[in-house]
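**Student:** Sequence:
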Amino acid sequence: MKRILPLLIAVFTFSLVTAQQKAPLKEHKMEMKSKSSSVISSNPSSSAQPAPIWSDDCSDPATWTYTNTSLPPLDWNWTNNTDIQSQCVTNLPASLQTFNSTSASNGFMIINSDAAPGNVDQNGTPIVCEFTNAQPIDLTGYSNVQLTFQHSFRWWNDTRGVRVSGDNGATWTDFEISNATTYNTPNQDSDNPHISTYNISSVAGNQSQVLVQFYYDDNDYWGWYWSVDDVVIEEVPDNGLECTDETFGGWWVGYQTLGDIGIDYTLYPMAQATANPYRMEAVISNTGVNTQNNVTLRVDVEDPSGSVSTYTSNSTNLVGAPNPQNDTAATTANFTPSNMGVYNFSFWATSDSFPTTDTMTMSSLVTDSVYGVDYDWNNDGSGLGGGYYLGRTCGGQVLANVFDIYENTQLTSISFHVSSSSVPGAKVYVQLYEQNGQIYLDESDEYIITAQDLGSWVTVPMLSPYALMAGTSYMAAVKGVQHPTDTSLISGSSNVNTSSYIQDNGCDIGSQGFGYWYTASDPMAIRMNFGYVSSINDELKGGFNIYPNPSEGLFTIENLNNENVTYSVRNILGQIAFQGNLAPISKSTVDLSHLDSGVYTIELDGKVNQQNQKLVIKK
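Read left to right, the sequence shown gives residues 189 to 807 (the working numbering).
With a straight-line cut-off of 25 Å between C-alpha atoms, the simulated BS3-like cross-links for lysine-lysine are:
id	residue 1	residue 2
1	K615	K806
2	K775	K795
3	K806	K775
4	K667	K615
5	K807	K775
Computed spacing ranges between beta-carbons, pair by pair:
id	residue 1	residue 2	range
6	P653	S774	25 to 31 Å
7	P653	P465	25 to 31 Å
8	T673	D263	33 to 39 Å
9	N750	Q640	28 to 34 Å
10	T673	Q640	18 to 24 Å
11	N294	H782	51 to 57 Å
12	A303	S390	34 to 40 Å
13	T313	A282	27 to 33 Å
14	T638	S699	33 to 39 Å
15	S609	T370	24 to 30 Å
16	D488	S291	32 to 38 Å
Keep in mind the hints are simulated off the structure, nothing from the lab. In this text, all values refer to a predicted model and were calculated from it rather than measured experimentally. Think of the CB as a built atom: it goes at the ideal place given N, C-alpha and C, for glycine as much as any other residue.
Make a model of the complete structure from these sequences and hints.
**Tutor:** Here it is in structure tokens:
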């Protein structure tokens, strides 16, 4: 399933809409994959943990009290069964199937909306429940305190968080993790465990009757689950620093504040990356008592050869508890790649009193002609999961990713990954829009999904190359067709700093009506391709015909003019993977079975005809 929010603009001739509405999808949940270890990773900080003032490892459910207004009465449960998947109806990503808190084996708390009986989705039966420490906590003498707990969850339109009271429940302060339409750190799929820390000094500091309450509300949607363990109250350390919300696309200073360009492109054509270099930013927070002086963002950029360059931000000072400060930091210089390949960006922060935060590493692949925001590095679907509905019983929806153009180019084709839940025979089109106003620009011929397309990338050419202008943002889209049964889905990814849309064409996914565009929480597996006319269909072009395509590596090339031909096969990076010659005969067989599965481009150069075409190797 996917979170979608309304876009504050109309479509075509529709009136401008200024009121935000929540707009969750109504179909059954679809699995979405979180950021994989190949994309993002962290190293433990060198900072020491403060000694706990109070703690509860959730080994005894009697230390907590439970309240519930659920319909049906679904409550928080105590369990020591760490196999979360066995307790859920639908499949969880592998990273969440087992709860990995420090003391999970001796028990933890879980609320499992996924296992609720019957249909509990938008039928007036919300699941609302809390658990609270049974005995108030005396924090007299501790003015600066923080609450820390370990948890894991998968978000789907549910509200969850923790409340703290300093007066035995007379008043409460909420620390929200997610609500019906948005979620913050962590992502839709949490870390496992994710460790959350909240400065509760203003509520609980020097208070003698402190209560901690974990609350959950599924907002009448069929959500997933939330597990909680190892709850600790401790003194705020004298010195602390946290680096979060990392981006290499300039999202914070760009998109968020200036309306400038700032998407994190995971596949970035060299010409675009040269015109708009990587801009590294992050949010740095003071998590300690003392003011942190000379707070600096640091980023190591590792190029494809393994060479590392270090970039830094200007320094600033951040005030600490009880009202800690945070700030958005950007490196003083941007990074321009010089070669195609994978670049790794490692982010951390330092101050005079704090040696280093955790390190977060993100990656981007500089390509020859492929423009993408997904994490499917090898074009095999391994960086994707779940999907967005396209061709539906209620209408043919349109799914789109935004791509900002920095250097004039030509769009020759659009690629998309077909979910394995799709149906052969489904009709789709690729489309192009200008983002500002969702202005329709172009559309391909009809494409019929085949059995071989399921779980694979498909490339559909534009009718003719379309000129894209620098300084303009475009939407690469896939359009479905209404059908008596749901026929097609496009796979999804989990990149956070992106912009994606869904057009409601009759499926009532929100309150704005037919034709309205809604923003999606995560991007679709939809890419732009530049420079080459790309097709995986058997077509006659430029005097050559190539088939079967896709294949396991053996391709027949019809040489319609019986001319001498040289050819080069290039991978997604534009690197030559294989070269050869064709004899002046009508048909030749090219054996590429030694190459890995993926999308390649073959460049055919004859005396009379030249042709560039996509080849798909699928083993």
